[in-house]
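For the protein sequence lines, the chains are R and V, in the order given. For the first sequence, the UniProt record's numbering assigns the number 1 to the initial residue and increments by one for each residue that follows. For the second sequence, the UniProt record's numbering assigns the number 1 to the initial residue and increments by one for each residue that follows.
Hints may contain errors.
Same chains, same label: a pair holds when it works inside one copy or across any pair of copies.
[Said to hold, decoys possible] Calculated pairs, DSSO-like style, for lysine-lysine (alpha carbon to alpha carbon, straight line, at most 30 angstroms):
(1) Lys3 x Lys42
(2) Lys62 x Lys42
(3) Lys11 x Lys62
(4) Lys9 x Lys42
(5) Lys62 x Lys52
These are computed hints drawn from the structure, not numbers from a lab. Keep in mind it's a predicted model, so treat the numbers as computed, not measured.
Chain by chain, the residues run as shown.
Protein chains: 2
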Amino acid sequence: MIKSKFGAKLKSLRQQRGISQEQFALSIDMDRTYYASVENGKHNISLINIEKIASGLNISLKELFDGV
Amino acid sequence: MIKSKFGAKLKSLRQQRGISQEQFALSIDMDRTYYASVENGKHNISLINIEKIASGLNISLKELFDGV
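Just chain R, same shape as in the assembly (with noise of 0.2 angstroms):
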């Protein structure tokens, strides 16, 4: 369940910054395909991946766990 709501969350903030899968997964230097498996709700992400996609993204943790 914490999976694909997180998974949901990533890809609508994403889509919002109007940047493809690949290209988002490139500029934070994480796998194409692991990035997808997290959005597709697939990945039991962990904390260091989280911070991550969270710096990527230019938000704090507690922005990206907002409504999740």
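For this one, chain R is given, so just place chain V on it according to the hints.
Below, chain V alone, put in the same frame as chain R:
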């Protein structure tokens, strides 16, 4: 860095509630030594365990990451 910041926040939230590491780990069905390693910033905790901790503290993920 993020691991120790998250661990410190966790410790303060737990101590505010006056419960020991052992009591809290038991209450969320988490291994005590694993929980201690997370509080000590030694473990790169996963999303599912982060959510377990937030619900054990009765707070949202957003509140858990406030200031981290």
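Quick rundown of the hints versus the structure:
1. For a Cα distance limit of 30 angstroms, the shortest separation of Lys3 from Lys42 qualifies both inside one copy, at 7 angstroms, and across copies, at 23 angstroms.
2. When the C-alpha separation of Lys62 and Lys42 is checked against a cutoff of 30 angstroms, the pair qualifies both within a copy, at 22 angstroms, and between copies, at 21 angstroms.
3. In this homomeric assembly, Lys11 and Lys62 come within 30 angstroms of each other (Cα to Cα) both inside a single copy, at 17 angstroms, and across copies, at 18 angstroms.
4. In this assembly of identical chains, Lys9 and Lys42 lie within 30 angstroms of each other by CA distance both inside one copy and across copies; the values are 14 angstroms within and 28 angstroms between.
5. Both within a single protomer and between protomers do Lys62 and Lys52 lie at most 30 angstroms apart by alpha-carbon distance, with minima of 14 angstroms and 17 angstroms respectively.
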